[in-house]
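**Student:** Listed below are the residues making up each chain.
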Amino acid sequence: MNDPIIEAGNLSKYYGKARGIESVNLEIGEGEIFGFIGPNGAGKSTTIRILMNLIFPTSGSARIMGLDVIRQTKEIKQKVGYIPSDANAYSRMDVNEFLNYCLRFYKVRNGSSRISELSGMFELDLKRKIADLSMGNRKKVSIIQSLIHNPRLLIMDEPTTGLDPLMQSVFFELLRSENLKGTTIFFSSHILSEVQFLCKRVAIIKEGKIIQIEDIGNLRKKQLKRIFIEFGEPVSPENISIPGAENLNIGPGNALSFFYSGDINELVRSLSGKKLNNLMIEEPSLDEIFMHYYKI
Amino acid sequence: MNGNLFKMEIRRNSFSLILWTIVIAVLITLTMSVYRTFIENQSKVMGMFSLIPKEVMQFKGISNFNDLLSVLGFYAVNNVIYMMVLGSIYAIVLSSNILLKEEYNKTAEYLLTRPLTRSEIFFSKFSVLLVNVFILNAVTTLAGLISIELVKNNPFSLKAFFILSLFTFLLNFLFGAAGLFLSTIVKRPKPVTIFSIGLVLILYFVYTISKITDSVSNIGYLSPFKFVNLDVTNPSYGVDLLNLLYFTGISLLLIFLSYRLYLRRDIYT
Numbered sequence: 611m612n613d614p615i616i617e618a619g620n621l622s623k624y625y626g627k628a629r630g631i632e633s634v635n636l637e638i639g640e641g642e643i644f645g646f647i648g649p650n651g652a653g654k655s656t657t658i659r660i661l662m663n664l665i666f667p668t669s670g671s672a673r674i675m676g677l678d679v680i681r682q683t684k685e686i687k688q689k690v691g692y693i694p695s696d697a698n699a700y701s702r703m704d705v706n707e708f709l710n711y712c713l714r715f716y717k718v719r720n721g722s723s724r725i726s727e728l729s730g731m732f733e734l735d736l737k738r739k740i741a742d743l744s745m746g747n748r749k750k751v752s753i754i755q756s757l758i759h760n761p762r763l764l765i766m767d768e769p770t771t772g773l774d775p776l777m778q779s780v781f782f783e784l785l786r787s788e789n790l791k792g793t794t795i796f797f798s799s800h801i802l803s804e805v806q807f808l809c810k811r812v813a814i815i816k817e818g819k820i821i822q823i824e825d826i827g828n829l830r831k832k833q834l835k836r837i838f839i840e841f842g843e844p845v846s847p848e849n850i851s852i853p854g855a856e857n858l859n860i861g862p863g864n865a866l867s868f869f870y871s872g873d874i875n876e877l878v879r880s881l882s883g884k885k886l887n888n889l890m891i892e893e894p895s896l897d898e899i900f901m902h903y904y905k906i
Numbered sequence: 027m028n029g030n031l032f033k034m035e036i037r038r039n040s041f042s043l044i045l046w047t048i049v050i051a052v053l054i055t056l057t058m059s060v061y062r063t064f065i066e067n068q069s070k071v072m073g074m075f076s077l078i079p080k081e082v083m084q085f086k087g088i089s090n091f092n093d094l095l096s097v098l099g100f101y102a103v104n105n106v107i108y109m110m111v112l113g114s115i116y117a118i119v120l121s122s123n124i125l126l127k128e129e130y131n132k133t134a135e136y137l138l139t140r141p142l143t144r145s146e147i148f149f150s151k152f153s154v155l156l157v158n159v160f161i162l163n164a165v166t167t168l169a170g171l172i173s174i175e176l177v178k179n180n181p182f183s184l185k186a187f188f189i190l191s192l193f194t195f196l197l198n199f200l201f202g203a204a205g206l207f208l209s210t211i212v213k214r215p216k217p218v219t220i221f222s223i224g225l226v227l228i229l230y231f232v233y234t235i236s237k238i239t240d241s242v243s244n245i246g247y248l249s250p251f252k253f254v255n256l257d258v259t260n261p262s263y264g265v266d267l268l269n270l271l272y273f274t275g276i277s278l279l280l281i282f283l284s285y286r287l288y289l290r291r292d293i294y295t
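Sequences listed follow chains S and U, in order. Position one of the first sequence corresponds to residue 611 (my numbering), numbered consecutively onward. Position one of the second sequence corresponds to residue 27 (my numbering), numbered consecutively onward.
Next comes chain S alone, as it looks inside the complex (with noise of 0.2 Å):
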């Protein structure tokens, strides 16, 4: 890993006697695409708005670029481009009102024709008023001007909700040209499938605790997916055999589900030669990958 751009050390947040975060340790590479992902309520959010001096920790410490968190938070924000997961721009402006004024706060050359670029990339109107756009142009908008200043460090907290699958690929697609650039890039959000597209690390976190950093490669060899079949014809434990099917459940009806991590061919091979009516392929929900594998 290169020297950390991001390090956090046995940070914790109470809110009251509520657990926000407990004792999370990160070090985060500078030129990483690192996940952060954990269901919702984790404590993703509070991890990145301490880092980004939103709020403060009940105890523990936080670095960026080397930087104090609390104490040194205007020079990281000079480098540093952040995307909320929930925030509005000021609804009487219009886009390019917002974009210029967000710009305003930066040292930078070239902004106008940064927003330019960015807003034709996504397609986006910037004579429109914020209070007019739809939930995906206003994430556009957050997008964009988490980029303006062409930032060392960017920390997203569920960037592509409210995006499209079309508007997701474009993103997807400047992230990794960013970081080709060399910009970090700290993805937190609670699909994992976008995190393992995208990212080479991540942070897995539940319950305000990080229970597991890998690899992503390491991630995708468990790829689990939730089957359902629904058979043309009765079905019952003694005449169905699939391997690699855990907690198989039977019913309603002749459908079947279970748990499936290897092999999707040898899936329906195994298959073959039955009658189905229906068959589905699905992402479990993280809840399920983390109680199927971390047993938590």
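To be clear, the hints were calculated from the coordinates, so they are not data collected in a lab. Please read all numbers here as calculations on a predicted model, not as lab measurements. C-beta atoms are modelled at their ideal positions from N, C-alpha and C, and glycine is treated no differently. Among the clues, some could well be false.
As a list, the in silico DSS-like pairs of lysine-lysine whose alpha-carbon atoms are at most 27 Å apart [claimed, not checked]:
#1 Lys791/S - Lys684/S
#2 Lys791/S - Lys810/S
#3 Lys684/S - Lys132/U
#4 Lys717/S - Lys132/U
#5 Lys739/S - Lys127/U
#6 Lys627/S - Lys819/S
#7 Lys810/S - Lys689/S
#8 Lys127/U - Lys213/U
#9 Lys132/U - Lys816/S
#10 Lys791/S - Lys816/S
#11 Lys884/S - Lys835/S
#12 Lys33/U - Lys737/S
#13 Lys132/U - Lys627/S
#14 Lys33/U - Lys127/U
#15 Lys33/U - Lys717/S
#16 Lys33/U - Lys185/U
#17 Lys33/U - Lys739/S
#18 Lys689/S - Lys33/U
Derived list of chain U stretches under chain S, where covered just means 3 residues or more per stretch with a C-beta under 8 Å from a C-beta of chain S [unchecked claim]:
#19 246-258
#20 280-294
FRET-style restraints, in silico, Cβ to Cβ [to be verified]:
#21 Tyr294/U - Ile874/S: 42 to 48 Å
#22 Leu287/U - Asn635/S: 28 to 34 Å
#23 Asp266/U - Asp742/S: 40 to 46 Å
#24 Ile48/U - Phe782/S: 48 to 54 Å
#25 Ile36/U - Lys791/S: 34 to 40 Å
#26 Asp742/S - Leu287/U: 34 to 40 Å
#27 Glu733/S - Leu287/U: 39 to 45 Å
#28 Gly619/S - Asp266/U: 53 to 59 Å
#29 Tyr294/U - Ser779/S: 18 to 24 Å
#30 Thr63/U - Ser744/S: 55 to 61 Å
Chain S is fixed; fit chain U onto it per the hints.
**Tutor:** Relative to chain S, chain U alone:
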């Protein structure tokens, strides 16, 4: 202070400043426009006033009918309602929202993640409050001065007029400081507008009750309105240093506390 944020906030608050300033200035001008008629019909009005209980007169801020006969006394009595009460409501509504609105409008995550310190954000917003309250007071004072000049039948003390204007500004500013403080102690990011307006009205009510009821006259000291001397017709009217100290001291204390609290405030949206 950050110039970009300051300019944006000035623009953002300009509409309400213009509206409040116009309303107060028009109310003062309209009220002063009846002064001539009031003086010309002095005896009738006096007769009418004699039918009104003393307490009601005092509640309306009139402690002595003769005060109303001088143009400055007439202005001072009406000034209480328009410039002091309405101006304070404007100041507290502006200040209690200027920091907090970033949270309940969910714009804080954009503002506080810019390369700014909390101090810069606080002082940029505070400067907007100071400038807006000053502009409101300057324009309404000017409207008052012009109105007085147009309707006066006798000379009046300019010194007394400006001292009254200074204390009106200090009173408005104190409520501005109170609004800032209020916004930094609330836990949940929700508007505190109703509470802020209520605070001004309650304190004004406390002040008037203390004036009409001798037995509870001391509760008036709980209200900042008590510390603005309206006795402008008194030849010895001047700057009361204790009152000046009261306004500047409490305002500075509230601003200092708000600043310290804002530096360590968890920002939620």
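**Student:** Let me make sure I understand: some of the numbered hints might not hold for this structure. Which ones are they, in numerical order?
**Tutor:** Checked against the structure, the hints that fail are numbers 10, 16, 19, 23 and 29, while the rest are satisfied.
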